[in-house]
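2 protein chains.
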Amino acid sequence: MIAVDANGADRGPAAVAAGVARSGVEALVFGPREALAECGPRAEIVHAPTLIGGDEEPALAVRSRPEASIVQAAEAVAEGRCEALVSAGATGAVLAAALLRIKRLRGVHRPALAVVLPTLERPTLLLDAGANVEVRPEHLVQFAYLGACFMQACMGVERPRVGLLSVGEERAKGTPDVLEAHRRLAERAEAGERTFEFHGNVEGFDLPRATVDVVVTDGFTGNVALKVMESTSAELGRAIRQQLARGVLPRVGGLLVRAPLRRLRERIDPERIGGAILLGLRKPVIVAHGSFGPVGIASAIRLARRAVDEQMVERTAAALAAAGVLRSGVGGSVAQQR
Amino acid sequence: MIAVDANGADRGPAAVAAGVARSGVEALVFGPREALAECGPRAEIVHAPTLIGGDEEPALAVRSRPEASIVQAAEAVAEGRCEALVSAGATGAVLAAALLRIKRLRGVHRPALAVVLPTLERPTLLLDAGANVEVRPEHLVQFAYLGACFMQACMGVERPRVGLLSVGEERAKGTPDVLEAHRRLAERAEAGERTFEFHGNVEGFDLPRATVDVVVTDGFTGNVALKVMESTSAELGRAIRQQLARGVLPRVGGLLVRAPLRRLRERIDPERIGGAILLGLRKPVIVAHGSFGPVGIASAIRLARRAVDEQMVERTAAALAAAGVLRSGVGGSVAQQR
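Residue numbers (UniProt numbering), protein chains in the order written: chain A, 1 to 338; chain B, 1 to 338.
Extracted from the complex, chain A is given alone in its bound form (with noise of 0.2 Å):
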């Protein structure tokens, strides 16, 4: 059973209830009750009206409102009455009630936000989007377990290829923190690693080439990058759209291309995707972006849901752990776990 926040969507809690019918899997929502008539047979719902806002401190927000929709269906997650959570709310709001309520993964530093990019052609994911602006080298590398074991199990990529974001392709280049990192994967690579297959540095040029399927770096850098690719498509799109419809001819030509450029937007929705994924918890938790309609909250629930089926917080968690990458104080491996 997933949990679903059905608040704070910008569609409405309605719009999140025909994402869970559409989805057809089972699946715990909360919000407000009123609203959430169109959930589909395989729903229970949770009348939880209480919403906390993007323009809230969200762990504040968090601590002091254990009503809010968020906050209880975290908690649902965290007593195992449900098994991952959705929403489409504020990411510092998810993000605080996932980290108090599920927590984190023992041995894990920092979870990290993912997001699967809208690049042409096969998935690459970005990890962090956000989370944590600031970061050292053992959270980088730990990202590199985190989104490798999110590529296995839910896109069945059997081992992925890890690319450190920098200034250029040379080891030599970026800051400290990142050639300091790039020498701890590089020895994990020369040491044999199975999870993933450390490609050394990528470029901003690389995001959506697909040149690897996973791309490390901070949050600040990798939020600015994601925020960047997201405009730069959307502007061009309209640039193009307003081209088009000047004088005869061109229009004729929009109209005869319209189709072909319609399988093109469809092939980078990020609908289909379902929103970006918090890594490194105890158990799966899916932010969809605040603007989805049914078909995206129907991707999102999916997502969370072949999440748990292929055991990717089991995995991630085996995977640090024989990698020898937790933080320190806790087993650096899994014999010494036992």
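Think of the hints as simulated: they come from the structure by calculation, not from any bench.
Just so it is clear, the structure is predicted and the values come from calculations on it, not from any experiment.
Just to be clear, a hint being listed does not mean it is correct.
Below are the DSBU-like pairs computed for lysine-lysine, each with C-alpha atoms no more than 30 Å apart in a straight line [as the list claims (entries may be wrong)]:
#1 K103/B to K103/A
#2 K173/B to K173/A
#3 K173/A to K103/B
Since the structure of chain A is provided, determine the placement of chain B on it from the hints.
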């Protein structure tokens, strides 16, 4: 007279020579004499066949090879024989030669690499685009002045709007260094800053949207953002052409929309701008893109000419001094400097 380093461009010194001729600007051209026959009537040639490549350690190469064309060209500027430097060679080598020979403006912490973004609306300057992978708040504050004075002098923007790149618009969003830079810039704005208007934080979304005239960031984030933007445009353009090539009707449509798409491409053509600008040095330095042909090289040379004629460097020095944001140990105001 503009010093032009003809070595290092992808299309070879002859393409640079053609750009010199096309510019119509007086130039002193450094490169292999045999390839520079077509520099036009307003150019003098200095035979300097030695190239510093992109794979060399720049500072070391500049120090040990004074005969290299980029070093001789920078020297000509340092000695006052030329007023500005243009090169299509490796950015690192140009930066090293400029730092070692032309030198920083008095009181400037770090020169920054600035790039006019290929936005569709009015031009937006991004800096730092890669000269400094790590920066402190005082560097970011200086970048605001460097960028604003360039936009004033070379792009005719009377009072540029400056944004600080972060992960959210709210002033509490960002790394500690970004928050501190925000605080200082806001303080200057409240004190009646005349050189620019501080817009506050901008996000990755804003880069292609021309929300502000100048976007200030560290060289790591700026480099990644610029490359993501370039690559997203290129990949999307490629995908559109692929889609249009399928089927007969779309192909006919494709023919009809070819002209408007070409007009669009021309509007975002980086060769129109002339390349990246190294700001914070004692003379204007332009790094033309390695891929530029004669059109781009000519734009770069004209941009250098404009920076000289419009006294970009002198305006920058005056603005930094008036604002009291010079490196400590250097006079903090114009009055003190006299």
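Is K103/B close enough to K103/A, meaning Cα to Cα at most 30 Å? violated, 52 Å
Pairwise hint evaluation, K173/A against K173/B, where the allowed Cα distance is 30 Å at most: Given that 30 Å is the threshold and the Cα spacing comes to 27 Å, the pair holds.
Check whether the Cα positions of K173/A and K103/B lie no farther apart than 30 Å. holds, 24 Å
Of the hints listed earlier, the one the structure fails to meet is number 1.
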